[in-house]
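Engineer: Listed here are the chains, written in short residue letters.
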Amino acid sequence: MIHSLFLINCSGDIFLEKHWKSVVSQSVCDYFFEAQEKAADVENVPPVISTPHHYLISIYRDKLFFVSVIQTEVPPLFVIEFLHRVADTFQDYFGECSEAAIKDNVVIVYELLEEMLDNGFPLATESNILKELIKPPTILRSVVNSITGSSNVGDTLPTGQLSNIPWRRAGVKYTNNEAYFDVVEEIDAIIDKSGSTVFAEIQGVIDACIKLSGMPDLSLSFMNPRLLDDVSFHPCIRFKRWESERVLSFIPPDGNFRLISYRVSSQNLVAIPVYVKHCISFKENSACGRFDITIGPKQNMGKTIEGITVTVHMPKVVLNMNLTPTQGSYTFDPVTKKVLTWDVGKITPQKLPSLKGLVNLQSGAPKPEENPSLNIQFKIQQLAISGLKVNRLDMYGEKYKPFKGVKYVTKAGKFQVRT
Amino acid sequence: MSSNSFAYSEQSGGGEATELGQEATSTISPSGAFGLFSSDLKKNEDLKQMLESSKDSAKLDAMKRIVGMMAKGKNASELFPAVVKNVASKNIEIKKLVYVYLVRHAEEQQDLALLSISTFQRALKDPNQLIRASALRVLSSIRVPIIVPIMMLAIKEAAADLSPYVRKNAAHAIQKLYSLDPEQKEMLIEVIENFLKIKAQLVAGSVVMAFEEVCPDRIDLIHKNYRKLCNLLVDVEEWGQVVIIHMLTRYARTQFVSPWTEDEGLENNEKNFYESDDEEKEKTDKRKKPYVMDPDHRLLIRNTKPLLQSRNAAVVMAVAQLFWHISPKSEAGIISKSLVRLLRSNREVQYIVLQNIATMSIQRKGMFEPYLKSFYVRSTDPTMIKTLKLEILTNLANEANISTLLREFQTYVKSQDKQFAAATIQAIGRCATNISEVTDTCLNGLVCLLSNRDEIVVAESVVVIKKLLQMQPAQHGEIIKHMAKLLDSITVPVARASILWLIGENCERVPKIAPDVLRKMAKSFTSEDDLVKLQILNLGAKLYLTNSRQTKLLTQYILNLGKYDQNYDIRDRTRFIRQLIVPNERSGALSKYAKKIFLAQKPAPLLESPFKDRDHFQLGTLSHTLNTKATGYLELSNWPEVAPDPSVRNVEVIELAKEWTPAGKTKKETPSKKFYSESEEEGSSSDSNSDSESGEQSEEGNSSDDSSEDSSSESGSGSESEVENQRTAKKNSKNKRKSDSEDGEKEHEKSKTSESSNAESSSVEESSSDSETESESDSASESRKVTKEKEKTRQDRNPVPKDVSLLDLDDFNLVSTPVALPMPALRPSLIADLEGLNLSASSAVINVSTPVFVPMKTHVMLHRMSGKGLAAHYYFPRQPCIFGDKMVSVQVTLNNTTDRKIENIHIGEKKLPTGMQMHVFNPIESLEPEGSITVSMGIDFCDSTQTASFQLCTKDDCFNVSIQPPVGELLLPVAMSEKDFKKEQGMLTGMNETSTIIIAAPQNFTPPVILQKIVNVANVGVVPSGQDNIHRFAAKTVHSGSLMLVTVELKEGSTAQLIINTEKTVIGSVLLRELKPVLSQG
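Residue numbers (the working numbering), protein chains in the order written: chain C, 246 to 664; chain G, 218 to 1299.
In case anyone wonders, no lab produced these hints; they're calculated from the structure. Fair warning: there could be bad hints in the mix.
In silico DSSO-like pairs for lysine-lysine, Cα to Cα no more than 30 Å straight-line [as the list claims (entries may be wrong)]:
| no. | chain 1 | residue 1 | chain 2 | residue 2 |
| --- | --- | --- | --- | --- |
| 1 | C | 266 | G | 265 |
| 2 | G | 554 | C | 659 |
| 3 | C | 656 | G | 1230 |
| 4 | C | 266 | G | 291 |
| 5 | G | 590 | C | 634 |
| 6 | C | 543 | G | 631 |
| 7 | G | 590 | C | 624 |
| 8 | G | 631 | C | 659 |
| 9 | G | 635 | C | 561 |
| 10 | C | 601 | G | 302 |
| 11 | G | 1230 | C | 543 |
| 12 | G | 631 | C | 561 |
| 13 | G | 554 | C | 652 |
| 14 | C | 266 | G | 522 |
| 15 | C | 283 | G | 631 |
| 16 | G | 631 | C | 583 |
| 17 | G | 302 | C | 380 |
| 18 | C | 548 | G | 1268 |
| 19 | G | 441 | C | 485 |
Generate coordinates for the entire structure from the input sequences, incorporating the hints supplied.
Structural biologist: Below, the structure written as structure tokens:
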């Protein structure tokens, strides 16, 4: 299926290549560069490109292009999903998926790619399995390795590959047994000019960090499972239990993983925690405009809204911006992308944060037709905006008492205010 | 060259220098690797020494550096001999890296690679499965043709290995060997066959992958393993799932008959059946049998369904395409939710999923309609995602949602991304042609866009307007005049050409302007683009023919200019036109018809989706994405006419019970066995293993000799049919099949309902008449109709052919209002929708805004019991009605809960209070069993809560139904500022104000709760409030447009005051009454 993989950085250098079948020359990437040039923006490079002899399927992650070479028909999502899994694995191993990290750990990268794909077909992609086959690099281990000459390649097959629970490694031992769950909800919304909601939806995930010895069998139940409209599961979850009892029952992988992601049923009214008052205007036939936005809290359930950032892609004719924030700091990139970023911080209801000032426009150019839309980021701790609540977590199969914890966070997802 | 590389290598250490040295060596001669070694490459010599050292750490270091070189794409092949020696290293990490090296370079150094083979052969016998597996992996990856026999042997051995991990590697090795030496195909197929027999979740995916690559056409290998694969599917790892699902989709398309009911065929069959006698019946029976789903087909659909919940987008897509391609159409709806979920993923996944949704949404609109808003575009989306979303929105546009969509498009048109804005204009054009109600509105909106500042937008609008005008060449003289004026300013050639063409085509409608335009163009002819020149020539020719008095000279001038143009196309066209229109002695017979030739009625262009032609590719494939056939694409075959023998999938009973039958179902399997053998005797009905009750019944309808008595009992409950069973042998088999039908839920539910319906119906007679009608419509035969005519006329007083249902209403003079008002050319509400396209900012106080919340609460209009299986529900979508601005739009969902088609559903007699008006939906020709359809109506309730009563008619029946609007639905939300609110409120005091005090627990008085409660009851807009304790809502009544202001003021303690200000005091007080209990309850 997947013939070769090329990793390309932003400036167009191919800094890593790996072939699973016979070698494909680097020149095949020229077609990719061509498409990249045509697209102007990295976001617009088509993920699937057809060349005379090959097909190129690529993803863009963390300023890197993962370009895979395909020769025959294959579901494109299969390749895309796999490439993202590769990037996830790098992230998991090296803490970041960057050119520097990959170059520094090129041997491990090679070993990983060798294990993840055989003849172009995925072999082992579960992080628990991979970590047993190839140990992730740590400072301590590299010191030990250099002294003792031992390796970071495991010499036995992880038992998970053979059992019915391929996602969990065997023989896990912890002195402190802990299970943490993060319920993270994101609000996707489009707010129109007048402040009414065009579209709003809550998307959530439950990320787990499980450090439990042995083979624990967990079941997690909710106070209000009916809220979850559409759910996708980690393979460890028993689908039948969920169908019949609405209980998440599973033997967890060891470490960090995403347990479920869900969408809250669209019938529920989504509470929008912030409002924005805006007044952006460009004057006809003059080289300046006004810019004035204020953010305030709304329906925040008594919690503080923090980590607010406002990002605005200003029209091309904007030359510079001269603004004063009442709170936080702002940056404007006048040269390339024309992006205004305002780092607001926390909202205190007594004094609403605002950003006011003048916009300098290119003289002579027609004024922009549409006001730019505002992209807003925020965070509310200790609150799941949908009202989802974990009821209890039970553990079977092991004798010890684990320490359990649940954390709720609400964030802005794709939150856009049209102005 | 060599001295150069020497020079570089002298500065030892620097990584860059090494690389350059490397490159230099490789350019000299790759074959003379040995020679180069003896010559001086210090760096590589260095590595070589390290590899030969006795210390593992040195070797490891060397190997790591070599891997680094490989990663960069540098040639490291000259180190091959040194590396290959280490293949037997005890250190597992060195060994691994050597393996990596070998796989990459063995092809180039085949002879040397053979040195390592014996090591692998030894490793294949290693007690550690990991070592066995990796040895096999490398052995099969080194691509040296000489070792093909060794590979073959190794694969065969590994296929029987105890470790599934090794077996998985063996399955991969099959494909490698096949690509190395396709001659081995036969042997490999044998291996695959053996592989398929073993049940192991780890290996299944890889084996099927090998099958797909080596022998995708050997579908016969799958038969025996089909059920096993289906049952194993959930436990297979995710990548394997994708491959298996794709393979099974192809399999199902060759082995089962189509579950998509083809109406004509079925109807035909039945007609023959009832009309004529047995000889004919036999013939038709052979040709077409009523559809009954094969249980194996059902098994596949059922077992893949949970995988829609997978975290892996590829799996979800694979299941979605399976449902799309092989499940009954009524069941495919469940995939839309999952696909929409994938849209939250990264842009690459979005891109592929949106493409597939675009293809689906053309064919089955209804599937994605509920998720319309998920396709709204964000300004931060990449352009390719934006255009795809727009495409889907356009596909989903219908009468009910068009006003919302146009409002949304309005925002897009103003986008900074001009390419996207242009695409939006195209989309508006497509909506305009598809939905005739909004054509005029769209046209007006587009005309407004002509004064846009951006040239691309204007040009695109011109092109789209041209297409629209061409479609309805009515009286659009004004627009044409407007566009003629644009010629002075616009510079985009396509737009100019379009305007000229339009003027030429309509030159008789704008007799004064056209010659003037020609004059201007004649002036600028030489500086125009070729495209424009051609159109100037066309315009000249057309004017010459219609108005030669004024334009003769002008045209001749232009023709002279064209004669000497640089472009040969233009010279050619000029010659052609001159011969055709200017009469001279040589001009032939054709010139007589010149006018007919030039001013012929031209067919309007079709504005179609670019995704229209993609549906012949299997969804989710690379070929579908690229819209060309990719190498190795396997065509999805059409459904077979007659299903191949299903018994090939039978596995011996013992294995069956053990291997794939879930515990507890064993009992059910045994009769199925019997059934199969029995059906073999019967021959023709062998595959009629019924799964759904509906299929069962229709089959029975076929086989039983149309005695009404028989059919009446059929519709009965299980117990009834049991009695029946003893009568005929055929019935016996049917009953078994019933017990055989595994997929319980649905069927049980259905049988339950039919039971209860029997129980509920008070008289036996009624139930029998029920079934009579059933069989009757089943037949749809003329003769039956005749015999039943009397009865029918008694039953329904309106037995009309579907087309003239509206005319028939003239017979009833009860209604004073005219029916189905002719629609005004431009409906005001929609004009308002598109007004925003104009740049002039309108700042009216009362702006109808979008509803804050649309409750999904449906009201029953017609219960299926009283509607003889036809159920109707309605709800208020809270959209501005497209049928008239004084109407409230109502969405009616019709469900067919019977097992036959319901035909000609339409609105019959209306009994409306005076003043009330109603826009009915277009008659629905037919509604499939289990099908549902949503139609929209508009009712002008005259701002009262009076009931609108009317008749809902089908072909055979009429049901009296009524719609009573909740008061909250008679409103449209209004967006206004707090200041305006207070001002308006000040004017509506005294008599116009009603208020009440509410008492409730404090937790009910939090802002979101109040908002939720109020918008749930009434369609009001939220007015931003400066005070925390006062909540304001504003709306206007639909009919009269009077303001309706709602204020909730929280007081001390747990009380609140609810105030309503409105001119319409009656509605105001009704609303107050409705809101009060809602707000005060917990």
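Engineer: Each hint: holds or not?
Structural biologist: Structure-based check of each hint:
1. As the CA atoms of residue 266 of chain C and residue 265 of chain G are separated by approximately 27 Å, the hinted pair is consistent with the 30 Å bound.
2. For the proposed pair residue 554 of chain G and residue 659 of chain C, the alpha carbon gap of about 19 Å is at most 30 Å, so the pair holds.
3. Pair hint residue 656 of chain C plus residue 1230 of chain G holds up; C-alpha atoms about 25 Å apart against a cutoff of 30 Å.
4. Simply put, residue 266 of chain C and residue 291 of chain G have alpha-carbon atoms about 17 Å apart, close enough for the 30 Å limit, and the pair holds.
5. A C-alpha spacing of about 27 Å is found between residue 590 of chain G and residue 634 of chain C, which places the hinted pair at or below 30 Å, so the restraint holds.
6. At roughly 29 Å between alpha-carbon atoms, residue 543 of chain C and residue 631 of chain G fall within 30 Å of each other, so this suggested pair holds.
7. Restraint check: the Cα-Cα separation between residue 590 of chain G and residue 624 of chain C comes to about 24 Å, which is no more than 30 Å; the hinted pair holds.
8. The straight-line distance between the Cα atoms of residue 631 of chain G and residue 659 of chain C is roughly 20 Å, inside the 30 Å bound, and the hint therefore holds.
9. Distance restraint check for residue 635 of chain G and residue 561 of chain C: the Cα-Cα separation of roughly 12 Å lies within the 30 Å cut-off, and the hinted pair is therefore satisfied.
10. Proposed proximity of residue 601 of chain C and residue 302 of chain G is contradicted: the alpha carbons are some 72 Å apart, above 30 Å.
11. Between the alpha carbons of residue 1230 of chain G and residue 543 of chain C the distance comes to roughly 17 Å, so the proposed pair stays at or under 30 Å and holds.
12. Restraint check for residue 631 of chain G and residue 561 of chain C: the C-alpha separation of about 14 Å stays at or below 30 Å, so the hint holds.
13. Restraint check for residue 554 of chain G and residue 652 of chain C: satisfied, since their Cα atoms lie roughly 28 Å apart, inside the 30 Å limit.
14. Among the hinted pairs, residue 266 of chain C with residue 522 of chain G is inconsistent with the structure: their alpha-carbon atoms are about 35 Å apart, more than 30 Å.
15. With a C-alpha separation of about 24 Å, the suggested pair residue 283 of chain C and residue 631 of chain G falls inside the 30 Å cut-off, and the hint holds.
16. For the given pair, residue 631 of chain G sits about 18 Å from residue 583 of chain C by alpha-carbon distance, which is consistent with the 30 Å threshold.
17. Between residue 302 of chain G and residue 380 of chain C, the direct Cα distance comes to roughly 26 Å. Compliance with the 30 Å bound is thereby established for this hinted pair.
18. The straight-line distance between the Cα atoms of residue 548 of chain C and residue 1268 of chain G is roughly 23 Å, inside the 30 Å bound, and the hint therefore holds.
19. Taking the CA atoms of residue 441 of chain G and residue 485 of chain C, the gap is near 27 Å; set against the 30 Å cutoff, the hint holds.
Violated hints, in rising order: 10 and 14; the structure is consistent with all others.
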